[in-house]
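Asker: Each chain, letter by letter, is given below.
Number of protein chains: 2
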Amino acid sequence: MADGPEEAGGEAPPVSDIAGDRLRSFIERIERLEEEKAALSADVREVYAEAKGNGFDTKIMRQIIKLRKMEQADRREQEELLDLYKKAIGMWE
Amino acid sequence: MADGPEEAGGEAPPVSDIAGDRLRSFIERIERLEEEKAALSADVREVYAEAKGNGFDTKIMRQIIKLRKMEQADRREQEELLDLYKKAIGMWE
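Protein chains in written order, with our numbering: chain A, 32 to 124; chain B, 32 to 124.
It is worth saying that the hints were derived from the structure and are not from the lab. One should not assume that every hint holds.
It does not matter which identical chain is meant; a pair holds if it fits inside one copy or across any two.
Claimed, not checked - The calculated lysine-lysine pairs, modelled on BS3-like cross-linking and capped at a C-alpha distance of 30 angstroms, are:
1. K117 x K68
2. K118 x K83
3. K100 x K118
4. K100 x K117
5. K68 x K118
6. K83 x K97
7. K117 x K90
8. K97 x K68
9. K68 x K100
10. K68 x K83
11. K83 x K117
12. K68 x K90
13. K118 x K90
All chains should be modelled from the sequences, with the hints used to inform the complete structure.
Answerer: Written as structure tokens, this is what we have:
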């Protein structure tokens, strides 16, 4: 991060500078992704506000979304288990 | 959500069906946005994993990102306050 001792100029490459640039690049990538996530969160809030404006209760909507997510996870888990059992008894699709 | 009583066919439009479709549309929009958010979260995890693979301590990286976010928020707050004071004393840019 800080300026490396460029006057050193020996055999070893200026490792600290290279690492600093690489680190900054990682951090900036993460920050960009987090910004995109924040924008999506704002979009979600907007959709809820719009739904509310249409007379829907957003608390109940959140419950529905939670239930659907749980159902999807259950379904996926059951499918994986089904596959596992099929393979275990040598039953291929 | 459930099938409305279509045999009713009176003056009133089948409000429950329309509302159900609208509600489903809101819910599906939110679910799509949440999926995109989850994908971004996975991307963030990948970047951290890559950084770790490059020898960086991800806990410290998280602290740096937090600090940078706080600094940015502070800077923005100060700028807003500066604008407010400027306007308050009739000093326009």
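Asker: Take the hints in turn and mark each one as holding or not.
Answerer: Going down the list of hints, with the structure as the test:
no., hint, in the structure
1, K117 x K68, "neither (39 angstroms within a copy, 34 angstroms between copies)"
2, K118 x K83, "neither (48 angstroms within a copy, 36 angstroms between copies)"
3, K100 x K118, "within (27 angstroms within a copy, 49 angstroms between copies)"
4, K100 x K117, "within (26 angstroms within a copy, 50 angstroms between copies)"
5, K68 x K118, "neither (39 angstroms within a copy, 34 angstroms between copies)"
6, K83 x K97, "within (18 angstroms within a copy, 33 angstroms between copies)"
7, K117 x K90, "neither (41 angstroms within a copy, 42 angstroms between copies)"
8, K97 x K68, "both (19 angstroms within a copy, 15 angstroms between copies)"
9, K68 x K100, "both (19 angstroms within a copy, 14 angstroms between copies)"
10, K68 x K83, "both (23 angstroms within a copy, 22 angstroms between copies)"
11, K83 x K117, "neither (46 angstroms within a copy, 38 angstroms between copies)"
12, K68 x K90, "both (22 angstroms within a copy, 20 angstroms between copies)"
13, K118 x K90, "neither (42 angstroms within a copy, 41 angstroms between copies)"
Checked against the numbered hints above, the structure breaks hints 1, 2, 5, 7, 11, 13 and satisfies the rest.
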